[in-house]
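Protein chains: 2
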Amino acid sequence: MSAKRERLIYLPLGGAGEIGMNAYVYGYGPEGKERLILVDLGIAFPDMDTTPGVDIILPDISWLLANLNRLEAVFITHGHEDHLGGVGHLYPQLKKPIHARKFTANLARRKLQEKGQDPKAVVTAEPFPAMIDAGPFKVGFLPVSHSIPESGALVIDTPAGRIIHTGDFKIDRAPVVGEAFDADLWAEASKPGVRALVCDSTNVFSKHEGRSESEVAPNLIPLVASAKGMFVATTFASNVARLKSLADAGVAAGRSICLMGRAMRRMTEAAVEEGILTDFPRTISPEDAASLPRENLMLIVTGSQGERRAASAQLSRGKYFGMELKDGDTFLFSSKTIPGNEKDVARIMNNLSELGVDVVTDEDGLYHVSGHANRPDLETVHRIVDPQIVIPMHGEHRHLREHAKLAEATGRIGVVAPNGTMLELSGNQPKVVDHVETGRTYLDGSALVGQFDGVVRDRIRMALNGHVVVAVMVDDDDQILEDTWVDIRGLPELARGSASLASMMEEHLAGQLARADTRTAGDDEKLEDLIVKGVRKVAQDEVGKRPEVTVLITRLTAE
Amino acid sequence: MSAKRERLIYLPLGGAGEIGMNAYVYGYGPEGKERLILVDLGIAFPDMDTTPGVDIILPDISWLLANLNRLEAVFITHGHEDHLGGVGHLYPQLKKPIHARKFTANLARRKLQEKGQDPKAVVTAEPFPAMIDAGPFKVGFLPVSHSIPESGALVIDTPAGRIIHTGDFKIDRAPVVGEAFDADLWAEASKPGVRALVCDSTNVFSKHEGRSESEVAPNLIPLVASAKGMFVATTFASNVARLKSLADAGVAAGRSICLMGRAMRRMTEAAVEEGILTDFPRTISPEDAASLPRENLMLIVTGSQGERRAASAQLSRGKYFGMELKDGDTFLFSSKTIPGNEKDVARIMNNLSELGVDVVTDEDGLYHVSGHANRPDLETVHRIVDPQIVIPMHGEHRHLREHAKLAEATGRIGVVAPNGTMLELSGNQPKVVDHVETGRTYLDGSALVGQFDGVVRDRIRMALNGHVVVAVMVDDDDQILEDTWVDIRGLPELARGSASLASMMEEHLAGQLARADTRTAGDDEKLEDLIVKGVRKVAQDEVGKRPEVTVLITRLTAE
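Line by line, the protein sequences give chains F and C.
Every number in this note's numbering is 126 more than the matching position in the first sequence, counting from 1.
Every number in this note's numbering is 126 more than the matching position in the second sequence, counting from 1.
So that you can see chain F by itself, here it is in the shape it has in the complex:
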């Protein structure tokens, strides 16, 4: 009876091979019995192409749930939805302590409260060098700059060495709100030697050094000062530093500040509660704003990504909380458009254009900076941390691959490990030891639906092909009754010769069914098959479509 060799494992369940829904597992212990911690539990956002009607997308954490007795704790690096957003939805299944720094913890508690969960599950963490015990791990929150306050890289000590998990970060030495990137502190944390740097890859293709948040304010001030009518700015609500720069520019131009959109108020509230935002200008309500001359007003609003229900979209369509934009107003996108949102953002810009509003974007890099480390910044962090292994995360496959190449260019080991790849990090060389089933879970209305359950696939098929419903009745002698009923949805009503498409299908089926033998009529499957084929033939011939078909067979029984 020999004790199994102990090992250190890394397993991304979300966020590696995509940008969104981050969830990374670390484990240490005997093979198959490693004690586990989870880093981040984020969400991704749906789109019509792949997830119509879905509310949010969560990582599939089945593997973790199957090994729940091995899970020690959850650590959340920062408050962005793609890192924190899953906490409210999945905590009920996890029921483990959630560690985060105070601002993130504030947001996490709100998430739990919204879902009727106990906010005490969230434990506020002090920054590194403080370390939290979690089974075989000690975990410290190493402050780092990002586009939200109090982002923390994690210093993860294991019996097989130290890991640094960056979370999302940038190198910003003057971030306006919150902590600057502290190279000395990072060097200090790296001094004992770092086995693996698990590192943000978002901006690996951006060649120039990243810019500081503090570079934005000097450009905002003259822009706002020179505006004539109302000034509206949109940005990510969680970018508290930007909110402050915008509001300060407004005040400098003699404008009162009004925040619009729930997230905007939630974020500033949390930042004030935690003492991060101490000198934010006084804001006024939309009701009070409505009574001010428009040239004395600045709105800071949600919806920079074109979200249809957010304040930006609402304002672009007309009156919203008594506010209405018009000729001579200015609307600033102090943001970048996330790939995939271009059309939604353009829709708002065009609506604003129709109202006569001047739209200002970040086209020239004046009014926005990224929250992620660019390629030279990644090189800087590689150099400071000096890890043996670099494991790129928080990126699509192409980002991970490029980042691994970057690490290898300076003689480190770079490993591309997409979601589901279990890496052992304790041997001489990192090694893939398992592949775990991963994927996406959809919050669809109030139900959690698996990516492969077919629910969303069926919806997509109906959207592409239309849906035909056929009701047929069979008597107890397996004779098909004559009034077969066809109902079409999402197909043209009229066939080629301007006859009703549904009637043509009914006629075609009537003919087919009249010829059907009792063996077919008596067998639901055969009968359905016959009907589906008949419907599709008519649809193909008449309108060139291949619809989804539902057949309802009612068998009348003699009483």
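Hints in this document: simulated from the structure, not taken from any laboratory.
Misleading hints may appear alongside valid ones.
As the list claims (entries may be wrong) - 20 Å max Cα-Cα, derived SDA-like pairs, lysine to any residue:
hint, chain 1, residue 1, chain 2, residue 2
1, F, LYS531, C, GLU480
2, C, LYS241, F, ASP490
3, F, LYS531, C, THR487
4, F, LYS333, C, ARG391
5, C, LYS469, F, GLY623
6, C, LYS222, C, PRO172
7, C, LYS370, C, SER340
8, C, LYS462, F, GLU132
9, F, LYS469, C, LYS222
10, F, LYS462, C, GLU468
11, C, LYS241, F, LYS462
12, F, LYS469, C, GLY466
13, F, LYS469, C, ARG583
14, F, LYS333, C, LYS462
15, F, LYS557, F, LYS221
16, F, LYS469, F, ASP175
17, F, LYS462, C, LYS462
18, F, LYS469, C, PRO172
19, F, LYS159, F, VAL562
20, F, LYS469, C, ASP175
21, C, LYS246, C, GLY214
22, C, LYS469, F, ASN467
23, C, LYS462, F, ILE464
24, C, LYS531, F, GLY623
25, F, LYS469, C, ILE182
As the list claims (entries may be wrong) - Computed spacing ranges between beta-carbons, pair by pair:
hint, chain 1, residue 1, chain 2, residue 2, range
26, C, ARG131, F, LEU418, 46 to 56 Å
27, F, ILE464, C, LEU682, 34 to 44 Å
28, F, ASP655, C, THR176, 47 to 57 Å
Please read these numbers as outputs of a predicted model, since none were measured by experiment.
Think of the CB as a built atom: it goes at the ideal place given N, C-alpha and C, for glycine as much as any other residue.
Fit chain C to the supplied structure of chain F, relying on the hints for placement.
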């Protein structure tokens, strides 16, 4: 009895207020009896957000069809799908001569032939100063550079003055294939005085002077020369100059050239037939290519926008016509990603990354140039043409508005006239004289479907909400028979308590229907209403969705 005053009108039916499906009407004559010409007849492409399952989008030309006896002819400025693509589909309704320059005419004839129409409807036009008579109009094709050979601006002479309609254009003095921008010729055409310049607005937000197609080749040569494995390049098939630059770079690097994708072959074929492409390197078939060492091979392929069935996407997913990409190959996007296509393009890049293929994009502006005039180029053309009025077209509303402001900055009259705006251009000032119903017609399978017919709206609703079908039988005494049948599609099978959602609906309806009085049971509308509400209540309570509902009521009649 006084003769009505004659007037000159402009009426965009597509392309003004959007990028895509261009269709512009000009008219001259007594009010309401103007003789008409149509400039361009393009298509737009569908997306899942607004047009799932649709094949292509055509402008709604109902107004033109209602006034068909007034239409003299159709003029096509160039061969891009958003200008030419509607010809095959709508010619059968128009049956008017189609004028185009020889390369465009070649493509137009192919479109007619594909639809079984007589290609002789297409008349090949000689370039300006040649002019074509069309009722009160004389129309000349003024050569201009663009990203396809033989683009023509239109010189439109009317009794109320000369109009120049630019079509799509750029200022390129060395376009590699086809005619350079000839400022002298444009000045010549403008000499008699130009009443209105109807002008491409696509790149009005691009601040720097546009770059020449000839700047791309010198960057391609070293890129291809330094590549190790197979080299694959994708670009717009219609950019014949780019195809040539790519192929030349391949040959210079000792590679054989293989074209993949139907559009790629169609375009080169047409260009060779019309004598535009005289020295394109010899190409080989995919079959022959498969037997060559990969370092001696260059593929030029369709699908630069991520189209799922095009060659790029196919190659990124695996074997295609015997070709298979692997580690060490290079894939060049010699193109820009059109807004809205980002995710589809990224999908291909990530697939390629998984195969180990190095992806090169135009990030640094080395391997692609735009086909449209940038802001300074627009200013140049305004100056050369020196029109009284500038009417921006080929742009979303924000482009039109910006372009009109640009014109006004130099003392011209700028008019924003989105689709459906009928402008009179013959008075002292341009004046909106009518608003015409415009919109989109969908080619959906083989049927033409109106934007507001509800067909696509129903499909979108099913995609968002799911679809529940209920079949209920009522006997001839208006008694509801017990076996009400519910079928769900696109909703979770299981309700909250893991019971079947369909069964829960059946039970709920059974209870409701048992209580229904005969007045409800005897009235299809009331019965349907009751059932829809019942289904939605269960769906809302159990899974938080509000599905589409189809109710099939079968009334049994005693024989």
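Range agreement (Cβ of LEU418 (chain F) with Cβ of ARG131 (chain C), hint 46 to 56 Å): holds (50 Å)
Is the hinted pair LYS469 (chain F) and GLY466 (chain C) satisfied, with a Cα-Cα distance of at most 20 Å? Within the cut-off at roughly 6 Å; holds.
Lying within 47 to 57 Å: is that true of the beta-carbon distance ASP655 (chain F) to THR176 (chain C)? violated (34 Å)
If you draw a straight line from the CA of LYS241 (chain C) to the CA of LYS462 (chain F), is it 20 Å or shorter? Violated, because 44 Å separates the two Cα atoms, which is more than 20 Å.
Taken at face value, is the distance from the CA of LYS222 (chain C) to the CA of LYS469 (chain F) at most 20 Å? With a Cα-Cα distance of about 36 Å, the restraint between LYS469 (chain F) and LYS222 (chain C) is violated, given a limit of 20 Å.
Given pair status - THR487 (chain C), LYS531 (chain F), alpha carbons within 20 Å: The given pair, whose Cα atoms are some 17 Å apart, holds under the 20 Å limit.
Pair hint LYS222 (chain C) and PRO172 (chain C), alpha-carbon separation not exceeding 20 Å: violated (27 Å)
Does LYS469 (chain C) pair with ASN467 (chain F) here, judged by a C-alpha cut-off of 20 Å? Holds, because 10 Å separates the two Cα atoms, which is no more than 20 Å.
Are the Cα atoms of LYS469 (chain F) and ASP175 (chain C) separated by 20 Å or less? holds (10 Å)
What's the verdict on LYS333 (chain F) and LYS462 (chain C), does the C-alpha distance respect the 20 Å limit or exceed it? holds (19 Å)
Given hint ILE182 (chain C) paired with LYS469 (chain F) - CA-CA distance at most 20 Å: The hint holds at about 18 Å.
Against the 20 Å threshold, does the CA-CA distance of LYS557 (chain F) and LYS221 (chain F) hold or violate the hint? Distance ~31 Å between LYS557 (chain F) and LYS221 (chain F) Cα, so the pair is violated.
Hint violations for this structure: numbers 2, 4, 5, 6, 8, 9, 11, 15, 24, 27, 28, all remaining hints satisfied.
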